Amino acid sequence: MDGVGTPMITVHRQKIARAIAEVALLPLQEKERLWDANKPYSWRSKYGWTAFCGPVGPSFPAACGRCLRVRNTRTGAQEIVRIVDRCSNGGLDLDVGVFNRLDTDGVGHAQGHLTIRYDFVDCGNGFNPLLASVIY
1 MDGVGTPMIT VHRQKIARAI AEVALLPLQE KERLWDANKP YSWRSKYGWT
51 AFCGPVGPSF PAACGRCLRV RNTRTGAQEI VRIVDRCSNG GLDLDVGVFN
101 RLDTDGVGHA QGHLTIRYDF VDCGNGFNPL LASVIY
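Numbering (the UniProt record's numbering), first residue to last: 1 to 136.
Do not take every clue at face value.
The following label-pair restraints were derived from C-beta to C-beta distances [claimed, not checked]:
{"#": "1", "residue 1": "Val-107", "residue 2": "Ser-42", "range": "30 to 40 Å"}
{"#": "2", "residue 1": "Lys-46", "residue 2": "Asn-100", "range": "10 to 20 Å"}
{"#": "3", "residue 1": "His-109", "residue 2": "Gln-78", "range": "11 to 21 Å"}
Here are the simulated EDC-like pairs of lysine to aspartate or glutamate, each with C-alpha atoms no more than 16 Å apart in a straight line [to be verified]:
{"#": "4", "residue 1": "Lys-46", "residue 2": "Asp-122"}
{"#": "5", "residue 1": "Lys-46", "residue 2": "Asp-95"}
{"#": "6", "residue 1": "Lys-46", "residue 2": "Glu-79"}
These aren't lab readings, by the way, just hints derived from the structure by calculation.
Here the structure is a predicted model, which means the values were calculated and not measured.
For each residue, glycine too, the CB sits at the ideal point set by N, CA and C.
Make the full structure from the sequences, and use the hints.
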(Lines of atoms letter the chains of each structure in order from A and count residues from 1; the text may use other names and numbers.)
(Lines give C-alpha, C1' and ligand atoms only; values in the text may rest on other atoms or scores of the structure.)
Protein backbone atom coordinates (compact mmCIF):
# COMPACT_ATOMS: atom_id res chain seq x y z
CA MET A 1 0.00 0.00 0.00
CA ASP A 2 3.02 2.33 0.01
CA GLY A 3 2.25 5.54 -1.86
CA VAL A 4 -1.43 4.67 -2.19
CA GLY A 5 -2.70 5.69 1.21
CA THR A 6 -3.29 4.28 4.60
CA PRO A 7 -6.44 3.26 6.37
CA MET A 8 -7.30 5.24 9.44
CA ILE A 9 -5.83 3.59 12.50
CA THR A 10 -6.29 4.01 16.20
CA VAL A 11 -3.68 5.38 18.55
CA HIS A 12 -3.52 4.48 22.20
CA ARG A 13 -1.99 6.39 25.09
CA GLN A 14 1.12 4.60 26.20
CA LYS A 15 1.37 3.94 29.92
CA ILE A 16 4.72 5.60 30.63
CA ALA A 17 5.31 3.86 33.97
CA ARG A 18 4.60 0.45 32.43
CA ALA A 19 6.88 1.17 29.48
CA ILE A 20 9.72 2.29 31.75
CA ALA A 21 9.30 -0.83 33.89
CA GLU A 22 9.31 -3.10 30.84
CA VAL A 23 12.44 -1.47 29.45
CA ALA A 24 14.19 -1.68 32.82
CA LEU A 25 13.94 -5.47 32.61
CA LEU A 26 15.59 -5.70 29.18
CA PRO A 27 19.31 -6.41 28.67
CA LEU A 28 21.35 -3.26 27.98
CA GLN A 29 21.95 -4.12 24.31
CA GLU A 30 18.20 -4.52 23.74
CA LYS A 31 17.48 -1.21 25.52
CA GLU A 32 19.93 0.60 23.25
CA ARG A 33 18.38 -0.95 20.16
CA LEU A 34 14.82 -0.15 21.21
CA TRP A 35 15.33 3.23 22.79
CA ASP A 36 18.39 4.46 20.86
CA ALA A 37 20.15 5.11 24.15
CA ASN A 38 23.41 5.54 22.27
CA LYS A 39 22.05 8.70 20.60
CA PRO A 40 22.65 12.15 22.11
CA TYR A 41 19.98 13.74 24.28
CA SER A 42 19.26 16.33 21.56
CA TRP A 43 18.32 13.49 19.19
CA ARG A 44 16.18 11.66 21.75
CA SER A 45 14.36 14.77 22.94
CA LYS A 46 13.63 16.43 19.59
CA TYR A 47 10.26 14.68 19.09
CA GLY A 48 7.71 12.77 21.13
CA TRP A 49 7.97 9.01 20.97
CA THR A 50 5.77 6.28 19.58
CA ALA A 51 5.72 2.54 19.24
CA PHE A 52 4.83 1.65 15.65
CA CYS A 53 3.00 -1.30 14.14
CA GLY A 54 1.02 0.49 11.46
CA PRO A 55 -0.33 -1.29 8.40
CA VAL A 56 1.79 0.71 5.93
CA GLY A 57 5.55 1.14 6.14
CA PRO A 58 8.52 -0.84 7.43
CA SER A 59 8.19 -3.13 10.40
CA PHE A 60 10.38 -3.23 13.48
CA PRO A 61 13.38 -2.89 13.68
CA ALA A 62 13.68 -1.16 10.27
CA ALA A 63 11.19 1.52 11.39
CA CYS A 64 13.15 2.38 14.55
CA GLY A 65 14.50 5.93 14.53
CA ARG A 66 12.29 7.08 11.66
CA CYS A 67 9.77 9.88 12.06
CA LEU A 68 6.05 10.07 11.40
CA ARG A 69 3.71 13.01 11.03
CA VAL A 70 0.50 11.95 12.74
CA ARG A 71 -2.76 13.83 12.21
CA ASN A 72 -5.92 13.57 14.31
CA THR A 73 -8.66 12.95 11.73
CA ARG A 74 -11.30 14.73 13.86
CA THR A 75 -9.44 17.96 14.58
CA GLY A 76 -6.55 18.13 12.13
CA ALA A 77 -4.02 18.54 14.99
CA GLN A 78 -0.58 17.27 13.90
CA GLU A 79 2.64 16.21 15.60
CA ILE A 80 5.90 14.67 14.44
CA VAL A 81 6.96 11.63 16.45
CA ARG A 82 10.00 9.37 16.41
CA ILE A 83 9.54 5.59 16.32
CA VAL A 84 11.40 4.04 19.25
CA ASP A 85 9.64 0.75 19.84
CA ARG A 86 7.27 -1.82 18.42
CA CYS A 87 3.72 -2.68 19.41
CA SER A 88 1.19 -5.37 18.62
CA ASN A 89 -2.14 -3.57 18.32
CA GLY A 90 -2.01 -2.68 14.62
CA GLY A 91 -1.55 1.05 15.24
CA LEU A 92 0.66 3.35 17.29
CA ASP A 93 1.26 3.72 21.01
CA LEU A 94 2.00 7.41 21.57
CA ASP A 95 3.71 8.93 24.56
CA VAL A 96 1.23 10.77 26.76
CA GLY A 97 2.42 14.28 25.85
CA VAL A 98 1.91 13.71 22.13
CA PHE A 99 -1.47 12.07 22.69
CA ASN A 100 -2.58 15.07 24.77
CA ARG A 101 -1.43 17.60 22.14
CA LEU A 102 -3.25 15.70 19.38
CA ASP A 103 -6.42 15.30 21.44
CA THR A 104 -7.43 18.96 21.20
CA ASP A 105 -11.15 18.25 21.63
CA GLY A 106 -10.90 15.65 24.43
CA VAL A 107 -12.63 12.92 22.42
CA GLY A 108 -9.50 10.75 22.50
CA HIS A 109 -9.44 10.74 26.28
CA ALA A 110 -13.15 9.96 26.42
CA GLN A 111 -12.79 7.04 23.99
CA GLY A 112 -9.33 5.92 25.11
CA HIS A 113 -7.93 6.24 21.59
CA LEU A 114 -7.58 8.61 18.62
CA THR A 115 -8.12 7.90 14.95
CA ILE A 116 -5.19 9.23 12.95
CA ARG A 117 -3.53 9.22 9.58
CA TYR A 118 0.25 9.20 9.31
CA ASP A 119 3.06 9.62 6.84
CA PHE A 120 6.79 9.11 7.10
CA VAL A 121 8.77 12.35 7.19
CA ASP A 122 12.41 13.38 7.40
CA CYS A 123 13.50 13.70 11.02
CA GLY A 124 15.72 16.64 10.08
CA ASN A 125 18.87 15.09 11.52
CA GLY A 126 20.57 13.63 8.49
CA PHE A 127 18.81 10.27 8.95
CA ASN A 128 17.73 8.79 5.63
CA PRO A 129 13.98 8.18 6.13
CA LEU A 130 11.88 5.67 4.29
CA LEU A 131 11.53 6.95 0.75
CA ALA A 132 7.95 5.79 0.38
CA SER A 133 5.41 8.17 1.83
CA VAL A 134 1.87 7.51 2.89
CA ILE A 135 -0.47 9.96 1.18
CA TYR A 136 -3.40 11.44 3.09
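>> I'd like to know which numbered hints this structure contradicts. Please list them from smallest to largest.
In response: Those not satisfied: there are none.
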